[in-house]
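Q: Here is how the chains run, residue by residue.
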Amino acid sequence: AQKVTQAQTEISVVEKEDVTLDCVYETRDTTYYLFWYKQPPSGELVFLIRRNSFDEQNEISGRYSWNFQKSTSSFNFTITASQVVDSAVYFCALSGVERYNQGGKLIFGQGTELSVKP
Amino acid sequence: NAGVTQTPKFRVLKTGQSMTLLCAQDMNHEYMYWYRQDPGMGLRLIHYSVGEGTTAKGEVPDGYNVSRLKKQNFLLGLESAAPSQTSVYFCASSYSYRDSPGPEQFFGPGTRLTVL
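In order, the protein sequence lines correspond to chains A and B.
Position in the first sequence (first residue = 1) + 1241 = the numbering used here.
Position in the second sequence (first residue = 1) + 51 = the numbering used here.
Derived from the structure by calculation, the hints contain no laboratory data.
Honestly, I wouldn't trust all of these hints.
Dumping the calculated BS3-like pairs for lysine-lysine here, alpha-carbon to alpha-carbon at most 25 Å [to be verified]:
no. : chain 1 : residue 1 : chain 2 : residue 2
1   : A       : K1244     : B       : K108
2   : A       : K1279     : B       : K60
3   : B       : K121      : A       : K1346
4   : A       : K1346     : B       : K60
5   : B       : K108      : B       : K60
Please construct the entire structure, taking both the sequences and the accompanying hints into account.
A: Following this line, the structure appears as structure tokens:
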């Protein structure tokens, strides 16, 4: 069975602090895909990143960075110098290999609510 | 280019009433999905479709039906609404695995449904 765990339910930081959101996943697939989505207070889901299981290179995009470690089945997300606009719920998600035309179903974690205070 | 749109945005139903949520996408995506979001549980897949005329059950399909008569539309129906179906419903679409392995999903703005 596939599973995604985001153990941090809520995190509160002060602006300009760095913050890391943890994501641990379980899958038996050797090929799989990991995602992060952001859900701001307005409610929509915004795609942030996709990473496949064969690419363990860390990725940086501006103040955002992602650390993928297959050895610990983790795909953590770090925001450097956080800003109030980063306040949102962040979801980690997993998609396995498509089987028998089953579609790219996403398994979501429970989400981490990040609050950045000025 | 509107992306994924959902109708309606809000709805209040009484127990036992029925309704249909409409999802439309203009990106020519093959796959479409319906999720529900409940506090502390992330998003859970209700039903999905891998092409026009096809539908399949997801993780929590009970109490819902779906139809995909046109490629761009995916309808979610509640035949007899129950308070347990109070939730926020998200529709999503994506390319197929054939076109883009591990495709990202594009989400609609959501529908907030309350069943009294």
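Q: Evaluate each hint against the coordinates.
A: Comparing the hints with the structure gives:
no.: 1; hint: A:K1244 - B:K108; result: holds, 18 Å
no.: 2; hint: A:K1279 - B:K60; result: holds, 20 Å
no.: 3; hint: B:K121 - A:K1346; result: holds, 20 Å
no.: 4; hint: A:K1346 - B:K60; result: holds, 24 Å
no.: 5; hint: B:K108 - B:K60; result: holds, 24 Å
Hint compliance for this structure: no hint is broken.
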